[in-house]
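With chain B fixed as given, assemble chain G onto it according to the hints.
Protein chains: 2
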Amino acid sequence: MSDDVLAALTAILPRQHLLTDPDTVAPYLHDEAEWAPHGAAVAVARPATTAEVAAIVTACAAHGVPVVTRGAGTGLSGGANAVEGCVVLSTERMRDIVEIDPAERLAVVQPGVVNDDLRAAAAKEGLWYPPDPASAPWSTIGGNVATNAGGLCCVKYGVTRDYVLALEVVLADGEVVRLGRRTAKGVVGYDLAGLMVGSEGTLGVVTEVTVKLRPARTTAPRTVVGFFDTLPAAGDAIARVTAAGLQPAIFELVDRVCLKAVNDWKRAGLPEDAAVLLLAQTDLPEPAAEHEAAQMHAEFLAAGASDALLSTDPVEAEALFDARRLAYPALEQLGMAMLTEDVCLPRGRIAEMLTRIEEIAAHRDVVIATVAHAGDGNLHPLMLTPHGDDAARIRTQAAFDDIVDAAIDLGGTVTGEHGVGLLKRDGALRELGPAVVAMHRAVKAALDPRGILNPGKVIA
Amino acid sequence: MSDDVLAALTAILPRQHLLTDPDTVAPYLHDEAEWAPHGAAVAVARPATTAEVAAIVTACAAHGVPVVTRGAGTGLSGGANAVEGCVVLSTERMRDIVEIDPAERLAVVQPGVVNDDLRAAAAKEGLWYPPDPASAPWSTIGGNVATNAGGLCCVKYGVTRDYVLALEVVLADGEVVRLGRRTAKGVVGYDLAGLMVGSEGTLGVVTEVTVKLRPARTTAPRTVVGFFDTLPAAGDAIARVTAAGLQPAIFELVDRVCLKAVNDWKRAGLPEDAAVLLLAQTDLPEPAAEHEAAQMHAEFLAAGASDALLSTDPVEAEALFDARRLAYPALEQLGMAMLTEDVCLPRGRIAEMLTRIEEIAAHRDVVIATVAHAGDGNLHPLMLTPHGDDAARIRTQAAFDDIVDAAIDLGGTVTGEHGVGLLKRDGALRELGPAVVAMHRAVKAALDPRGILNPGKVIA
Chain B
844 MSDDVLAALT AILPRQHLLT DPDTVAPYLH DEAEWAPHGA AVAVARPATT AEVAAIVTAC
904 AAHGVPVVTR GAGTGLSGGA NAVEGCVVLS TERMRDIVEI DPAERLAVVQ PGVVNDDLRA
964 AAAKEGLWYP PDPASAPWST IGGNVATNAG GLCCVKYGVT RDYVLALEVV LADGEVVRLG
1024 RRTAKGVVGY DLAGLMVGSE GTLGVVTEVT VKLRPARTTA PRTVVGFFDT LPAAGDAIAR
1084 VTAAGLQPAI FELVDRVCLK AVNDWKRAGL PEDAAVLLLA QTDLPEPAAE HEAAQMHAEF
1144 LAAGASDALL STDPVEAEAL FDARRLAYPA LEQLGMAMLT EDVCLPRGRI AEMLTRIEEI
1204 AAHRDVVIAT VAHAGDGNLH PLMLTPHGDD AARIRTQAAF DDIVDAAIDL GGTVTGEHGV
1264 GLLKRDGALR ELGPAVVAMH RAVKAALDPR GILNPGKVIA
Chain G
844 MSDDVLAALT AILPRQHLLT DPDTVAPYLH DEAEWAPHGA AVAVARPATT AEVAAIVTAC
904 AAHGVPVVTR GAGTGLSGGA NAVEGCVVLS TERMRDIVEI DPAERLAVVQ PGVVNDDLRA
964 AAAKEGLWYP PDPASAPWST IGGNVATNAG GLCCVKYGVT RDYVLALEVV LADGEVVRLG
1024 RRTAKGVVGY DLAGLMVGSE GTLGVVTEVT VKLRPARTTA PRTVVGFFDT LPAAGDAIAR
1084 VTAAGLQPAI FELVDRVCLK AVNDWKRAGL PEDAAVLLLA QTDLPEPAAE HEAAQMHAEF
1144 LAAGASDALL STDPVEAEAL FDARRLAYPA LEQLGMAMLT EDVCLPRGRI AEMLTRIEEI
1204 AAHRDVVIAT VAHAGDGNLH PLMLTPHGDD AARIRTQAAF DDIVDAAIDL GGTVTGEHGV
1264 GLLKRDGALR ELGPAVVAMH RAVKAALDPR GILNPGKVIA
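These protein sequences, in sequence, are chains B and G. Counting from 1, position 390 in the first sequence corresponds to residue 1233 in the working numbering; the numbering is continuous, with no gaps. Counting from 1, position 191 in the second sequence corresponds to residue 1034 in the working numbering; the numbering is continuous, with no gaps.
Isolated chain B (complex conformation) (with noise of 0.2 Å):
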């Protein structure tokens, strides 16, 4: 079978595109969830155009070999590992931005454009695609579509979906579909391309991308930072700045092992006595942007900050935020296994998780570093554990699974931008329940009914 697929796959694509040295083929087989298990690939594709990805489709099809479609692999699920026997689709090649449109507002691209690329050639023509994933400068807005991926700007600016207008796709059979529309609305049936995004290849391969774009933003923002020593009274302050109506821009969450974590490392100086530093910024133009500002920071001193700051000197503004932006750098320094969470909770249950936790982690007996979205309840609990300790390895397995079971039990969701993959694929059957997951697998078998698209992601 696998020789029978690879003789296909060689008619298709230049010798050099299609890779089977182990050595080279290594990297392609997982991305970076930590301890995700992964199969052996039969080869690595890596086609140029959507002609020659309907045609490995097809001739994977024709013999029964799975597709497991991955982007820069910067996923933290196991979304794109490869499952044993598959062909590894690498969309790496399909790098063209074919079109950015400034009267319509939009960009089409192919699926390997990074998503800072994307976001410097908007920019040029004075426009902004917001979704902003930490992993921006390496990951690709095919992978963004597959996971449907956030970011910081997301608290006010929305996720990959929300700027998904349509999108070229090959489906299990190797035809080659558009789905979605070039005009600002549009409801002709069933949103499909809306489905498609955050299915993570189990439905189809993306072969081509067009996303809304937004006017830039021109003016700067403003900061506000707080420094909080208990975690309800940070959870206060997030629940006041919600209630007070402000919709800041960014609104980031930093707890103390991560400001450790910094100081240690760059001598930064942050208060480690604090449990959480806020960090805020407000994007509205001016005067309104200096009064959100004030606004946020009179409700963070309401709540109980034990200091807080207001800057509007972006270079002050960058220095503040290095405690989120150099959290994991500097666990990373820590040179530790790291398994990251991202459950997402209801606004007013962050503190209460927070504690859970603090408490989770007490139990396991495991590090646990905590960056956090705080404007939408999207936690990142990262999990420290010493490389090749075995024990401390399950412990840190069970502490993610007690994560799950405690943001299911506070009503909210075993992932927030990160996708199920296999990682939360346990979590999203208890989330999901049976009928729920009765109706997945009937849209899977609808649009896969052989099962050849990334089996066993998703809902196993």
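One should not assume that every hint holds.
Repeated chains share a single entry, so a pair holds when one copy, or any two copies, can fit it.
[Said to hold, decoys possible] Pairs of lysine-lysine, DSSO-like flavour, derived with a Cα cap of 30 Å:
| id | residue 1 | residue 2 |
| --- | --- | --- |
| 1 | 967 | 1109 |
| 2 | 1055 | 967 |
| 3 | 1109 | 1055 |
| 4 | 967 | 1103 |
| 5 | 1055 | 1103 |
| 6 | 967 | 999 |
| 7 | 999 | 1055 |
Think of the hints as simulated: they come from the structure by calculation, not from any bench.
Same frame as chain B, but now just chain G:
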């Protein structure tokens, strides 16, 4: 069969909520789509609870009887029209606003809640539900969800789908499921809640809707109007506003036929030599609103407006908007049958489409009055036909098809916000093409294998 299902329904609903008298049933058999066909119903069922809806659908499924769900019946595509031998399920008694949660900025409502009632309840909490179809005083949230309704504000604030967080749905076999989430973000599994939005009751019966709310707007809007003697000049003004990076909260178009009708009815003194009136509002905080309004005014003049006005006075602004608000009522005074179109074009093709509409009106000898959501390219040409004139009706229906074809030809879509229903089924087949239609049929068969939910709508 109809006796059997009636017996079953009698056991579910009190007698006064199971209508069978033909005169009582008649108003439930169709929506407001002119000349859209409808069949006779076995009964009209008026459940008050999810459990009753589930029992009704279960009974209908057991007897192979179609279920056609309807809200207020204000639809314009025939989506809620009875099919022969169906049970019409009216949500009119499901009017509870279950919850408004200011901390999470969301509302939970039954599907029969009227759009304006939700908006009023949200306003009491300092919150705002933006989707504002022209039917907002009568149409229900369930109907808005079924058609993915838009409105004036969606040019800046998005359509119904952008606000639906979660749905409770009764599936084709009577099972009750919850889709979506209460959190601000979430990517667990496929976006089945989004799939339900706009599916016109063909995939499930929505029994509860959870929507996002925004903070209420506090600034008085500034209004800009421009009169244009030619369609290309108006098209240029729309393009210039977009190219300048402006984001009006409302951006509407009224054509000369509407202006004359409003003048004839209200002696409004609008200039009848203008081909088009453009109306825009900005809702930015001051002084950004003043600046944006001045920019729009300047772009209108640069595009060749014969007259352009700026207003901050709410009374004066209301008067200026009367030309838009009164257009339909004024046309109704003419006492003719009214068939409404709903095509949506790329913004850059609006002038060309308006020219095509004028040509079609002349060629088919039909009076066509056009209002449009100019900012998102959504045109509502309204065809006026003397009642009882069969030849005129046939010419009008031909003009309807011509407009649909022209929209597809210019890269648009056949329905921007009214839905496919019955009137746009042929157009949808032409726009989507056989492969995407096959995907629709596969999804429909997966979720409603016996085809009992609003059969024949969206995709025949």
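Here's how the hints hold up against the structure:
In the homo-oligomer, the alpha carbons of residue 967 and residue 1109 never lie at most 30 Å apart, since the shortest distance is 34 Å inside one protomer and 49 Å across protomers. Proximity of residue 1055 to residue 967 under the C-alpha cut-off of 30 Å is restricted to the intra-copy arrangement: shortest distance 15 Å within a copy versus 33 Å between copies. When the C-alpha separation of residue 1109 and residue 1055 is checked against a cutoff of 30 Å, the pair qualifies neither within a copy, at 39 Å, nor between copies, at 41 Å. Within a single copy, residue 967 and residue 1103 get their C-alpha atoms no closer than 39 Å, and across copies no closer than 44 Å, so neither meets the 30 Å cut-off.
In this assembly of identical chains, residue 1055 and residue 1103 lie within 30 Å of each other by CA distance neither inside one copy nor across copies; the values are 40 Å within and 37 Å between. For the homomeric pair residue 967 and residue 999, the shortest alpha-carbon distances inside one copy (23 Å) and between copies (23 Å) are both at most 30 Å. In this homomeric assembly, residue 999 and residue 1055 come within 30 Å of each other (Cα to Cα) both inside a single copy, at 16 Å, and across copies, at 12 Å.
Consistency with the previously given hints fails for numbers 1, 3, 4 and 5, ordered from lowest to highest.
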